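Chemist: Chain by chain, the residues run as shown.
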Amino acid sequence: MEALQIAGALLTLLGSLFILFAAIGLLRMPDVYNRIQAGTKASTLGSILTLLGIGLCHPEWLLKIGLLILFVIISNPVSSHVLGRAAHFAGIPLSKRTHIDTLKEYRDKELTAKEEQQ
Amino acid sequence: MKLKSILILFIILLAFWIILNNSVSPLILLTGAVISLAIAIGFCKTCDVFNDLRLTPRSFLYTFLYLWVFLIELVKSNFDIAFRVLSPSLPINPGIITAKTTLKSKMGRLILANSITLTPGTFTVDIIDDKLFIHCVNMKEEEQEEFGNHIVRKFEKYLEVIYG
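Heads up: the protein sequence lines correspond to chains A and B, in order.
With positions in the first sequence counted from 1, the corresponding number in our numbering is that position plus 6.
With positions in the second sequence counted from 1, the corresponding number in our numbering is that position plus 70.
The shape of chain A in the complex, shown without the other chains (with noise of 0.2 Å):
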């Protein structure tokens, strides 16, 4: 039991750690697509290692604990994607180290197209 307790702390206590990473991400990246990378990731290990450290002192709850966790791979990707998307649709630029954009690139490409249709 006592085992258990202390690996449970120590797990939340990695995803916690994880989880500062991901502040800190945020702060230094230089743009809003960096930031996502570096917000998403590292919050999702994070959540994830926290709630098995939880699960691991209350052995009872690890059923339900599995299905957060399953929810969370589900679902930040997916936020994270959509906030990228809308980004890049309201046309907020990338920093100024990025070197290529092949989806603007290809949205300018398509825009002539339909301009010469018409």
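Rather than coming from a laboratory, the hints here were simulated on the basis of the structure.
Everything numeric in this text was worked out from a predicted model, so none of it was measured.
It is possible that some hints are incorrect.
[Unchecked claim] Derived list of chain A stretches under chain B, where covered just means 3 residues or more per stretch with a C-beta under 8 Å from a C-beta of chain B: (1) 29 to 41; (2) 57 to 63; (3) 69 to 77; (4) 88 to 94; (5) 108 to 121.
[Unchecked claim] With a Cα cut of at most 20 Å, we get these calculated EDC-like pairs of lysine to aspartate or glutamate: (6) LYS110/A to GLU230/B; (7) LYS170/B to ASP199/B; (8) LYS110/A to GLU122/A; (9) LYS176/B to ASP196/B; (10) LYS110/A to ASP200/B; (11) LYS174/B to GLU226/B; (12) LYS201/B to GLU111/A; (13) LYS170/B to GLU122/A; (14) LYS227/B to GLU143/B; (15) LYS227/B to GLU216/B; (16) LYS170/B to GLU226/B; (17) LYS115/B to GLU143/B; (18) LYS170/B to ASP150/B; (19) LYS170/B to GLU215/B; (20) LYS115/A to GLU216/B; (21) LYS176/B to GLU215/B; (22) LYS201/B to ASP37/A; (23) LYS174/B to ASP199/B; (24) LYS201/B to GLU216/B; (25) LYS120/A to ASP199/B; (26) LYS110/A to ASP37/A; (27) LYS170/B to GLU116/A; (28) LYS227/B to GLU215/B; (29) LYS170/B to GLU230/B; (30) LYS115/A to ASP200/B; (31) LYS201/B to GLU116/A; (32) LYS115/A to GLU230/B; (33) LYS110/A to GLU143/B; (34) LYS110/A to ASP199/B; (35) LYS174/B to GLU143/B.
Note that beta-carbon positions come from the ideal geometry of N, C-alpha and C, so glycine has one too.
Following the hints, position chain B against chain A.
Modeler: Chain B in isolation, oriented as in the chain A frame:
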């Protein structure tokens, strides 16, 4: 084909119900089964999300392989991003690249895009037809095509078997 969708949705809903209730007493099981069946039939009159799912032993095996690969990638991506965030020089070379997928089914593409979002330094900005637009934290300008294919192929070979 509609029957398959209803059946899969029914099984998923019933599994959720049992886990949330934490018991398999006959009364709870019966209530759950009736409600799950009603919801499954009500919602799957027009839905076709599970139609492409293949229910063969090989596809089950590949589902487990896929989950395993996915978890490893998830952990790797977290360490990668943590390393980049913490290093003083912030070593990033961001860019949006294009990758083509051979997956036909909508569900397969959805899962592919979500998996890419959770792999090291990449996230899907948009999907137009069979083209995925992926934002990378660290890309090489010369070999972007290969890089994009490499990202997509990693998951595609499993999803191909599961969804086709």
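Chemist: For which of the previously enumerated hints does the structure constitute a violation, in increasing order of number?
Modeler: Numbers 2, 6, 13, 17, 18, 20, 21, 22, 32, 33, 35, in rising order.
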